[in-house]
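**Student:** Chain by chain, the residues run as shown.
There are 2 protein chains.
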Amino acid sequence: MTSPDATLPIGVFDSGVGGLTVLRALRAALPGEDFLYFGDTARVPYGSKPPALVRQFAWEISGFLLRKGVKAIVVACNTASSVALPDLAASLSVPVYGVLEPAVAAALRVEGRVGLIGTETTVQSGAYQARLARAGRAVWARPCPLFVPLVEEGLWEDGVARLVVAHYLKDAPKDLSALILGCTHYPYLKPVIAEVLPGVQLIDSAEVTARVVAEGLEARGLRNPEGAGRVVHFVTGDPGTYRVLANRLGEAAGEVHKVELGEL
Amino acid sequence: MTSPDATLPIGVFDSGVGGLTVLRALRAALPGEDFLYFGDTARVPYGSKPPALVRQFAWEISGFLLRKGVKAIVVACNTASSVALPDLAASLSVPVYGVLEPAVAAALRVEGRVGLIGTETTVQSGAYQARLARAGRAVWARPCPLFVPLVEEGLWEDGVARLVVAHYLKDAPKDLSALILGCTHYPYLKPVIAEVLPGVQLIDSAEVTARVVAEGLEARGLRNPEGAGRVVHFVTGDPGTYRVLANRLGEAAGEVHKVELGEL
Chain A
1 MTSPDATLPI
11 GVFDSGVGGL
21 TVLRALRAAL
31 PGEDFLYFGD
41 TARVPYGSKP
51 PALVRQFAWE
61 ISGFLLRKGV
71 KAIVVACNTA
81 SSVALPDLAA
91 SLSVPVYGVL
101 EPAVAAALRV
111 EGRVGLIGTE
121 TTVQSGAYQA
131 RLARAGRAVW
141 ARPCPLFVPL
151 VEEGLWEDGV
161 ARLVVAHYLK
171 DAPKDLSALI
181 LGCTHYPYLK
191 PVIAEVLPGV
201 QLIDSAEVTA
211 RVVAEGLEAR
221 GLRNPEGAGR
231 VVHFVTGDPG
241 TYRVLANRLG
251 EAAGEVHKVE
261 LGEL
Chain B
1 MTSPDATLPI
11 GVFDSGVGGL
21 TVLRALRAAL
31 PGEDFLYFGD
41 TARVPYGSKP
51 PALVRQFAWE
61 ISGFLLRKGV
71 KAIVVACNTA
81 SSVALPDLAA
91 SLSVPVYGVL
101 EPAVAAALRV
111 EGRVGLIGTE
121 TTVQSGAYQA
131 RLARAGRAVW
141 ARPCPLFVPL
151 VEEGLWEDGV
161 ARLVVAHYLK
171 DAPKDLSALI
181 LGCTHYPYLK
191 PVIAEVLPGV
201 QLIDSAEVTA
211 RVVAEGLEAR
221 GLRNPEGAGR
231 VVHFVTGDPG
241 TYRVLANRLG
251 EAAGEVHKVE
261 LGEL
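Top to bottom, those sequences are chains A and B. Just so we're aligned, residue 1 is where the first sequence starts under full-length UniProt numbering, counting upward by one. Just so we're aligned, residue 1 is where the second sequence starts under full-length UniProt numbering, counting upward by one.
Among the hints, a few may not be true.
Note that the list lumps identical chains together, so a pair holds whenever it fits in one copy or between two copies.
Unchecked claim - Derived lysine to any residue pairs resembling SDA-like cross-links, with alpha carbons at most 20 Å apart:
no., residue 1, residue 2
1, K170, W140
2, K170, E120
3, K170, E226
4, K190, P86
5, K68, L8
6, K170, G159
7, K258, A6
8, K190, A166
9, K258, R27
10, K190, V110
11, K174, T7
12, K258, T241
13, K68, G240
14, K170, D158
15, K258, W59
16, K170, E157
Treat the hints as calculated values from the structure; they're not laboratory data. Owing to the predicted nature of the structure, the values given are computational and were not obtained by experimental measurement.
Chain A on its own, in the form it takes in the complex (with noise of 0.2 Å):
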């Protein structure tokens, strides 16, 4: 049965453009859903800031999302995902989805070894580690705070990169066999990464979170294959700025409204 509120669009936020990635799996994914995606563009970004705050963040985030009427928020944002997900879940008055446990669950297939790469506060957290834990798996984690701003200056096919990752990756464990990509921006590096640790499969959590996304929202009869696909922008930050830093990374985005932090 279809709910009376599978018209509604679907919201997703992230701290900056990095959840375009997300955006973009879950309008391949669910052809016809309308979004709303909030970049929280004036205190992007989440990555090197403190559990507690990114938590108000994502508290603040979500009401404005609800009071613009969405059926569901996706958190296209690992940093978000780690610190503030249960606690979102469990509280607000549609279904909430990660980025964390489609990635996790991704990895889990993959037999052997398990690595995570992540802001700052992601890999403190210790979210990651607690849920691969839990399934008996082996991790080995690591921050990687400059991949970020590298992929923001579009320096991820450059010589540059090939050092930076491969200085944060020179201590990853030989028997790795699977590396969860744990932040919306690093999915950029990839061709990178690959190069600095063969054989090793990149698990991009984009892909997974749509797939994940999209049978759930079938599950609560809250699909809308017929909507208009219609994506409407809102950010704390500047718009212009937004598009430009949105197109660099391969994103058009049209319709952008500026929102101020004291409406949070």
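Use these hints to put chain B onto chain A, whose structure you have.
**Tutor:** This is chain B only, laid out in the frame that chain A set:
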């Protein structure tokens, strides 16, 4: 004649911890003065954000400091100095000092071609270049977005720092005689920059700014040589994280208060 306001503290602000290099130079030049240091750690960094947004942040923080009661404001952030300074100085009721003019004045004391490195927003604002051009100087300018995260991760003496510095400075003209370190974080990279650009005079705005502030306060009768030398810190992010990061950069932050963004 000494003004009755002379016993008030001096307000100093930055996007985060970078301005602590300026605070340190100010305390050395002005022993006995009290300071309020404001680090906007919930919204850091400013250097990749658009001018209008940084200007708004600078206004909000200046208003906060004035309400707390300060006799002068030092904008210890090159990005905010580049985009907000003339407006702030023209509109506030207390003297306002930035880091741009003192650095330009120091560069002009060196003959020959001047270079500028800074954040994306600082370099794109063209504020330094316009000021140097008015003095008839040729300028080479380059934004270095990875330098701040590099320093904040404590990697300034690492091999990665050498590679990243070499990447950004590889196109520097051979005849450069001075280079303005146009971001408060960059002085930590001085040894590596000096290796890559031997013989180029590196201009650190902290010390020259402290001298200009000391002379300015003296001239206005606002010096307080007999205060307690107390520093109170205000941050928009987490006080504990701020203390850790400040320590990593060599500053002990004793009294730290959390300010909610809604209070600004």
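**Student:** None of the hints should be skipped; say for each whether it holds.
**Tutor:** Against the structure, the hints:
In this assembly of identical chains, K170 and W140 lie within 20 Å of each other by CA distance solely inside one copy; the values are 12 Å within and 36 Å between copies. Taking CA atoms no more than 20 Å apart as the test, K170 paired with E120 passes inside one copy only; the shortest distance there is 17 Å, against 30 Å between copies. In this homomeric assembly, K170 and E226 never come within 20 Å of each other (Cα to Cα): the closest approach is 48 Å inside a single copy and 53 Å across copies. For the homomeric pair K190 and P86, neither the shortest alpha-carbon distance inside one copy (29 Å) nor that between copies (45 Å) is at most 20 Å.
Taking CA atoms no more than 20 Å apart as the test, K68 paired with L8 passes inside one copy only; the shortest distance there is 10 Å, against 46 Å between copies. In this assembly of identical chains, the alpha carbons of K170 and G159 lie at most 20 Å apart whether taken from the same copy (16 Å) or from different copies (13 Å). Taking the shortest Cα distances, K258 and A6 never come within 20 Å of each other, neither inside one copy (26 Å) nor across copies (42 Å). When the C-alpha separation of K190 and A166 is checked against a cutoff of 20 Å, the pair qualifies only within one copy, where the shortest distance is 13 Å, while the shortest distance between copies is 24 Å.
When the C-alpha separation of K258 and R27 is checked against a cutoff of 20 Å, the pair qualifies neither within a copy, at 23 Å, nor between copies, at 40 Å. Within a single copy, K190 and V110 get their C-alpha atoms as close as 18 Å, which meets the 20 Å cut-off; across copies the closest is 46 Å, which misses it. In this homomeric assembly, K174 and T7 never come within 20 Å of each other (Cα to Cα): the closest approach is 49 Å inside a single copy and 62 Å across copies. With identical chains, the CA atoms of K258 and T241 are at most 20 Å apart within one copy only, with a shortest distance of 11 Å there and 29 Å across copies.
Within a single copy, K68 and G240 get their C-alpha atoms no closer than 22 Å, and across copies no closer than 35 Å, so neither meets the 20 Å cut-off. Both within a single protomer and between protomers do K170 and D158 lie at most 20 Å apart by alpha-carbon distance, with minima of 18 Å and 14 Å respectively. When the C-alpha separation of K258 and W59 is checked against a cutoff of 20 Å, the pair qualifies both within a copy, at 19 Å, and between copies, at 19 Å. Taking the shortest alpha-carbon separations for K170 and E157, both the intra-copy value of 19 Å and the inter-copy value of 18 Å come in at or below 20 Å.
When each numbered hint is compared with the structure, violations occur for hints 3, 4, 7, 9, 11 and 13.
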